[in-house]
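Q: One-letter residues, chain by chain:
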Amino acid sequence: MKVLLSWLREFAPIEGDPHELADHMSDLGMAVEETRVLDSLEGLVVARVGDLRPHPKADRIQLVDVETGDGERLQVCCGAFNMSVGDLIPFATIGTVMPDGMEISQRKMRGEMSNGMCCSAAELGLGSDQDGIMILPDDLETGVSLMEQLGLVGDVLWDLEINPNRPDAMSVAGVARDLAARLGVPFEIPEWTVASTGSEEGLARIEIADGDLCPRFTGRVITGVTVGTSPLWMQMRLTLLGMRPINSVVDVSNYVMLELGTPNHTYDLSLLANGHIGVRRAANGESITTLDDQERTLLADDGLIVNDGDEPIGIAGVMGGASTEISATTDSVLLELASWEPESIARTSQRLGLRSEASARFERGTDWRINAIAVQRFCHLLNEISPDGIEVVGAVLDVAGTTPDILSVPVRTSRISMLLGREFSSEEIRELLTPIGFGIEATDSEDVQLVTIPSFRPDTQTETDIAEEVARHFGYGKLGATVPRSPDAGHLSPQQKLRRVVRQVMTGAGLTEAMPNPFLAPDEIAKAGLATKEPVRLLNPLAVEESVLRPSLLPGLLAAVAYNYSHRNTGVKLFETGAVFEPSEDSSALPLENEHLAALLSNADAFAATALLKDLASALKLEFELTNADSLGGLHPTRGALISIGDTEVGSVGEVDPAVLGKYEIEHRCAWLDLRLDLVIEAAISVEGTAYQPVSTFPSSDVDLAFVVAEGVQASQIEMTLRNAAGEELQSLHLFDVFRSEQMDEGVRSLAFSLRLQAKDRTMTDDEVGAVRQRCIDAVESSHSATLRA
Amino acid sequence: MSVYDQIAEAQASAIGEIENTGDLDSLKAIEPVLFGKKSALSGLKRLMGDVDVEERADVGQALNEAQQTVREAHAAAKEKFELSSRKAQLESERLDLTESLQTNSRGHLHLVTQTMERLEDVFVGMGFTVSEGPQAETDWYNFEALNLPAAHPARSMFDTLYLDLGERTEIGDGEGGEATNILLRTHTSPVQVRVMESIAPPIYTVCPGRVFRRDTADASHMPVFHQIEGLVVDRGISLSDLAGTLNEFTAAYFGGAISSRLRPSYFPFTEPSAEFDITCVICEGDGCQTCQRTGWIELGGCGMVHPNVLANCGVDSEEWTGFAFGFGIDRLALMRYGIKDLRDMYTNDVRFLGQF
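Same order as they appear, the protein sequences are chains A and B.
Counting from 1, one number per residue, gives the positions in the first sequence under my numbering.
Counting from 1001, one number per residue, gives the positions in the second sequence under my numbering.
Be aware that a few hints might be false.
Take a look, some chain A residues computed to stay more than 10 angstroms from chain B by CB distance [to be verified]:
1) Asp39
2) Gly143
3) Asp268
4) Asp465
5) Asn569
6) Leu613
7) Leu705
EDC-like mimics (lysine to aspartate or glutamate), calculated; alpha carbons at most 16 angstroms apart, straight line [unchecked claim]:
8) Lys497/A <-> Glu1117/B
9) Lys497/A <-> Asp678/A
10) Lys497/A <-> Glu1079/B
11) Lys497/A <-> Glu688/A
12) Lys1340/B <-> Glu1197/B
13) Lys533/A <-> Glu463/A
14) Lys497/A <-> Asp1218/B
15) Lys1028/B <-> Glu1079/B
16) Lys2/A <-> Glu33/A
17) Lys2/A <-> Asp138/A
18) Lys497/A <-> Glu1019/B
19) Lys1080/B <-> Glu1019/B
Keep in mind the hints are simulated off the structure, nothing from the lab.
These numbers come from a predicted model, not from an experiment.
C-beta atoms are modelled at their ideal positions from N, C-alpha and C, and glycine is treated no differently.
Could you put the whole structure together from the sequences, leaning on the hints where they help?
A: Rendered as structure tokens:
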């Protein structure tokens, strides 16, 4: 919403520095996005188009001779073609500094001299119209400052951001009311009077069938209308506030809307059979041709304006119909000033894609009590600007639907003080609320006042809403700044702490955290070699490339590694922690959303990933068990294993399938680790706080055992057997050598383990150590197809 | 030859042997000759029995002195050889430390994670816990419970991505078991609702996390980004408490030169509502291009939790009041490092990620 100081001042004597006034408006919740003090734009004058000629060497520009009143003509090159000889236009002479800072200079364009610039409204900051040169009314004086003649010099234009809860501030008068209250100056809506003749009886009739849709419909019959051009001052105000002048009737309509926040509409009375207007809900599928000549199909929710024959002539609050549109020949009109149920307008305008200045106001809720005043203002203005005046016929037609109740809310001074954190007195509250239209009545209780909410503040309904009004006008910045303290110490949860540990393990191992897009194209799942289980799809994706929620972190990390490879960053090691999604089996539940940790190590084999898993195991004090498994989704068919903790499967490890890597154009092996982070962290929490084992002070003995083991028997199985057989004196056990040789039988390899034995309470004798050694050998040889290597 | 001469000769001979050695090994090799049972001095000791009783003490002393002299000469030689041997050893081990071939280096946390953890740490220091919730949410948690019923015009403030659940586009997890849409949360506020539903006040928590909007990616927007929201519900919580808490956070996170202020605003889930601005971190309030010469930059939204929201979460709004605030994490990360384009953070280029 833009407001102009001179216009505000028609409602309140507002004075002050433009930037200080802007600060006040921002502090009242009407954030000022721009403050512009209109200056004279020295050098900008009114000029008359004296001649138009084609440019000899260019099609897209023409030559214009302009007359600036001194009898001489200046040649200008101009890219616009909308003016005619004799038109008055804004002309920036050489040396003029335009609002955007550009200085006009003499220059040659394709061989022709240009001695200035013909300006569009947008170039002068006088509106958004940049399609052509601004054509000025005929009564201006050439060679004289345009801004002076427009009466704009020194005026201030503010661009305000109005929140959806402030329908009142969608009008010049509403902004003036708020600002006047802050400045402590009086605010008043003038009383506009207009003489009327005759009677409206038989000329027009309004009937509301669905009162909940239309709280109030006010109308007036006007005859003797001549559709002409509105005066320059009105055109300028409309232009500055962002509207394009059309004709006198439309301009008055828009002017009243901007001024009082009340959208309105005019019907050509001669096209309205019996002057009848009805309001009802549309029937499903009913259609209407709107002002923009579009055929619109309606739903039962939409509000409709109908004629005597119950045929649609307008979509309530959104757009009028073509059949009753006023034209150049219109001489009698029916003026509509109606209020509409906001949610219905919002639904309809959104569905039809018809958002307008009017619907924006109706959606927020307009003031149904100002309609009669706005009718008077409309008639008064149109009369004033019509050279021959108008005739206002009879009385105001005023039909009520279901008008909202006038709310009176008991407001506790103590509650306001508590909510705002400052002790207010009842009197202070009264003094803050009265100037912005709230009524205050004392009650039997000293603490409670009865606050009556004005009809232009439909957003305000409760004591808490009123607390905001008190705070707003008192000034948020003047309230205190206290810091409440939690009775408990702040902390991260065990899960959150361990997630950080996991990330540290990853970065410690040289991995960098990536954040790939969680949205995938549907074919990316198969591209990554993952099973074709139905993924979770978006209903309204921006693009098909982002239409599926990832079922795994693999596609995203592959894409990230591929991106790096395509930029010559080979050998990258990336990890990610994040949610993956799959549809829930349970129709009453959200999609399954599990947190995973995944690592993709390029130019590394599967053992790089198992080493990473060992780092994690060590940091989290967990034991992961691996079970080799062929053909895991996306993994190298013979280099993959499932990971479990106890009986719970928690992930997979291995290498990415070479075929998948090929599709991503990654020319190196890639190691892969994928864990259900939530399960891993839960397991880590369960072992936290395990009692420690005192370190034995007795000497330890090392036993090295090498077995020839059949391929297919996992090293981890041998290890498990050794662990069980060695018993409680086993202090540590690790595989230290794997050996394959042509000298050995086909299908076997040698696995060498080192065991350290140590008792807690004694030095183990050679016999004892020997016994453990033999137990281990026997166990391995009997449980697996393995023999001790001589 | 007198016994004293014999001692002197044996000593001289031993010293001579020592002087003839050239390194530790040859010195070690003559040790039996110097100190062994067959050494000359040991041989003389054995002759002590033949010495007159009166002379025995003098001879013994002479023998001891000779042995001491030999030991010292040996020790001196040993030290000399050890020193030169160590010198030779060390010289042979000389390294040019810049010849390093190993390229192992620590990885880097994503800038968003670093920022998120930094924020969490500040709030934990202020007595907050950290809460989390699902990214796929029901319409109820994302909108309705937050005082945003279906037809609320403010819903257009959020460009929402909905999930396609096939034949069932709704699930029965709304209020009173009514059907509701499933969507990707547009803010982390649904976590606040879940917290209020599950634990009784007092509540002091922040909810960081990933959020989604149906936005085309550009320099300052991503369809997937990150937010942190704060929620306090306690007895007597006021708008002044909100202002004070945000001041404290601002000073702790941005440093003492940066302060915050509140401006009235509108959000359906708070009343009163406010925008909160911080002193421009570039010019520290003097006015610059970044802050459009105002000295302030808008950081986020906040306000007192709307009584309807408290009621929806089963909290008695007469007994308890609260405030909530929220802002973007990605933007903070950009601000801290002067990154111009949000999309740079999500290319996953290690040349970018490795800088933080």
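Q: Output the numbers, in ascending order, of every earlier hint that fails for this structure.
A: As far as the earlier hints go, 4, 5, 10, 12, 13, 14, 17 and 18 are violated by this structure, in ascending order.
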